[in-house]
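Undergrad: The chain contents come next:
2 protein chains.
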Amino acid sequence: MVVVCYRHKISGRGRALGERKLSEEQRLDWLRLIRSDNVGPRTFRDLVNYYGGARAALEALPGLARRGGAAAPGRICSAEEAAAELKAARARGVVFVALGEADYPSRLQMIDDAPPLLAVRGQLAILARPLVAIVGSRNASAAGAKFAERLARGLADAGFGIVSGLARGIDAAAHRASLDSGTVAVLAGGHERIYPAEHVDLLEAALPHGAAVSEMPLTWEPRARDFPRRNRLISGLSLGVVIVEAARRSGSLITARLAGEQGREVFAVPGSPLDPRAEGTNGLLKQGAILVTETADVVAVLEPILGRGFEPTPAREPAPEAPGPSEPGEDERSRIVGLLGPTPTSIDDLVRLSQTSPAVVRTVLLELEIAGRLERHGGSLVSLL
Amino acid sequence: MVVVCYRHKISGRGRALGERKLSEEQRLDWLRLIRSDNVGPRTFRDLVNYYGGARAALEALPGLARRGGAAAPGRICSAEEAAAELKAARARGVVFVALGEADYPSRLQMIDDAPPLLAVRGQLAILARPLVAIVGSRNASAAGAKFAERLARGLADAGFGIVSGLARGIDAAAHRASLDSGTVAVLAGGHERIYPAEHVDLLEAALPHGAAVSEMPLTWEPRARDFPRRNRLISGLSLGVVIVEAARRSGSLITARLAGEQGREVFAVPGSPLDPRAEGTNGLLKQGAILVTETADVVAVLEPILGRGFEPTPAREPAPEAPGPSEPGEDERSRIVGLLGPTPTSIDDLVRLSQTSPAVVRTVLLELEIAGRLERHGGSLVSLL
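For the record, the sequence lines run as chains A and B.
If you want this note's numbering, it's the position in the first sequence, counting the first as 1, plus 84.
If you want this note's numbering, it's the position in the second sequence, counting the first as 1, plus 84.
Source of the hints: derived by calculation from the structure; they are not laboratory data.
Careful: at least some of the hints might be erroneous.
Pairs count within a copy or across copies, as identical chains cannot be separated in the list.
[To be verified] Straight line, CA to CA, 20 Å or less: simulated DMTMM-like cross-link-like pairs of lysine to aspartate or glutamate:
| # | residue 1 | residue 2 |
| --- | --- | --- |
| 1 | Lys105 | Glu185 |
| 2 | Lys230 | Glu363 |
| 3 | Lys370 | Asp381 |
| 4 | Lys370 | Glu349 |
| 5 | Lys370 | Glu387 |
| 6 | Lys230 | Asp359 |
| 7 | Lys230 | Asp241 |
| 8 | Lys171 | Glu108 |
| 9 | Lys230 | Asp381 |
Could you build the full structure based on these sequences and the hints that come with them?
TA: Structure, rendered in structure tokens:
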């Protein structure tokens, strides 16, 4: 029996805040669903919208994986596991805030792949304030760290909370300078696997006026590929991102790119062409980032945005309500799978070339995804794994 | 008797090159006129256009000064003095190139206040090549000087000659790196008063492949105010100006402003916000200067301009031929003088408010200027001294 335990469609964008509050049972189901194999933030949203709730989606997973042609069924997070995580989180002072709840950061809610559940330690109130990210090299110069501190203090004085990634170098300098005014550390791993370990004390010092946030399981050890994923939350929480020092091909440039894609302001601090730590920031400036030499350069750009409030821009309207799950026919399914390959293909092309409906294509893609056979790229592109 | 010894109007802008060649007698008259009191490059042009030539203008000077209300008549450069300067110049290997002659730098010819005579030592051919200026702090950092050298070499490899001001620091680095490829030193004083004296050897080393240019008398000791005046020639000779390091309110920023006014490209090299020598360049970048971290950044902008050749842009068309000198009536003259004061006033307003003709206003302003009573500002503004 399908239990529709969460009736609202999740659009995740522009929905008035505080409209919903999950029951504890719903929160457990949400956690089970997002912790299950092959379920990312976008798939989570599709599943809950298709099946009317997380519980029903959980029950649909095995069938989806089978129809998607999974070699082996993906692991579904059990109720016991999820309950244990919730309990351990509570013991550590971590709360799970769900997309659409009043405490969920409103800017973050506007991005496509906002985490359904955000695990927060510290002050929830800091997430409601206007936030600016300050990020940069781990291998920062003394001047870079000093500038990051100065900027963090200046932005704090102007009323902004400071977001960063708790890394060595620029991140740590930005956090340190905003411990008393409010700082948000976005973790790549879980709350019990602080990285780098030497910054455990810095993190603890941030909590009385700030917060630490993570979308990963409490004991998740961060791997290299978790950092770019985490970076989208740094920019997603923030009105803008300031890159203080960045070598070529550094993680900070990923944050800058994601910020641009999310429609956030990108700021960069210039440096000497002979300083490798300025290659990335100077490159951003050539691409149109806003040049920052003092706090006022950031405030002048962000203050007018603040005044505009948190409404989504017209280009980011929620998609029309998706129809409920429609069972594709075998021939439709094989037509769509036949069109897919390792080269990323647009979903629009799949609909057109398969001569099926968008709903059918969405369902087949969902099946493939749950079966662990689909990769989603930016711009509605998908490929077969 | 008025001897019309130079019959062509001087427009100074966009005239086909090499159309004229002054006779030695004419060159002497030109030198006398530009070396006379209260005759600057703009006045020179007005005078020659009004009176049909330099000799006639020289003869008209006393009358103009008298009618302009000069307290004491300005000094008129005698034929003997001018001949002595020409002789001394020749002895030193300096040639005087006149506006409109084939050897006159075509880009420089396009500016409003191009010197009527340019005193050149070294290779005239370098002035016909595409030129880029590299300027910056006298008090340069090692990194700044190193970057200036690298950029000068890179631009030389791309076919550009390098223009600079022979100053300590960035200027010297730019010249040194382009001694063998072609460098142009623009002097604030005369060719016999090299400043700073320690750079006499650098200048000599520049001459086999480059040049030194000056608009000042051979033995003119440069004063503080001669440097900003000289800076217009640095930008005027060049397709673009690269500012490598510059403190706030430094001379290099004057060059950048003049370059902008002359329609030349302005490039700036970024630096740390904590480095006072980058305050000026970062400020230029905020105002829209093109960011430079490597040679290609400059070449990419200048190469398309090269292709366009040296035609003046439509906005810089030569003014319509001025009518010959028209003797203003006493009441007209006093009406115009009455409208003037220490506050800069536009020439258009003077014409409108005095209810006289543009030709009459121009003549009265010329009289006042020759009498040493008028100051010209940018944008056709004038004030009474």
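Undergrad: Taking 20 Å as the upper bound on the Cα-Cα distance, should Lys105 and Glu185 be classified as within, between, both, or neither?
TA: within (6 Å within a copy, 84 Å between copies)
Undergrad: Is it within, between, both, or neither for Lys171 and Glu108, if the alpha carbons may be no more than 20 Å apart?
TA: within (12 Å within a copy, 100 Å between copies)
Undergrad: One pair to classify: Lys370 and Glu349, alpha carbons no more than 20 Å apart. Within, between, both, or neither?
TA: both (15 Å within a copy, 16 Å between copies)
Undergrad: At most 20 Å between alpha carbons: which applies to Lys370 and Asp381, within, between, both or neither?
TA: Cα proximity of Lys370 and Asp381: in one copy and across copies (17 Å, 9 Å).
Undergrad: Reference check for the pair Lys230 and Glu363, CA-CA at most 20 Å: within, between, both, or neither?
TA: For Lys230 and Glu363, the Cα distance is within 20 Å both inside one copy (19 Å) and across copies (17 Å).
Undergrad: Is it within a copy, between copies, both, or neither that the alpha carbon of Lys230 lies no farther than 20 Å from that of Asp359?
TA: both (16 Å within a copy, 12 Å between copies)
Undergrad: Treating 20 Å as the Cα threshold, decide for Lys230 and Asp241: within, between, both or neither.
TA: within (17 Å within a copy, 38 Å between copies)
Undergrad: For the identical chains here, do Lys370 and Glu387 meet the 20 Å Cα criterion within one copy, between copies, both, or neither?
TA: So Lys370 and Glu387 pass the 20 Å test across copies only (18 Å; inside, 24 Å).
Undergrad: At 20 Å max between alpha carbons, let me know whether Lys230 reaches Asp381 within a copy, between copies, both or neither.
TA: within (17 Å within a copy, 29 Å between copies)
Hint check: no violations occur; every hint is consistent with the structure.
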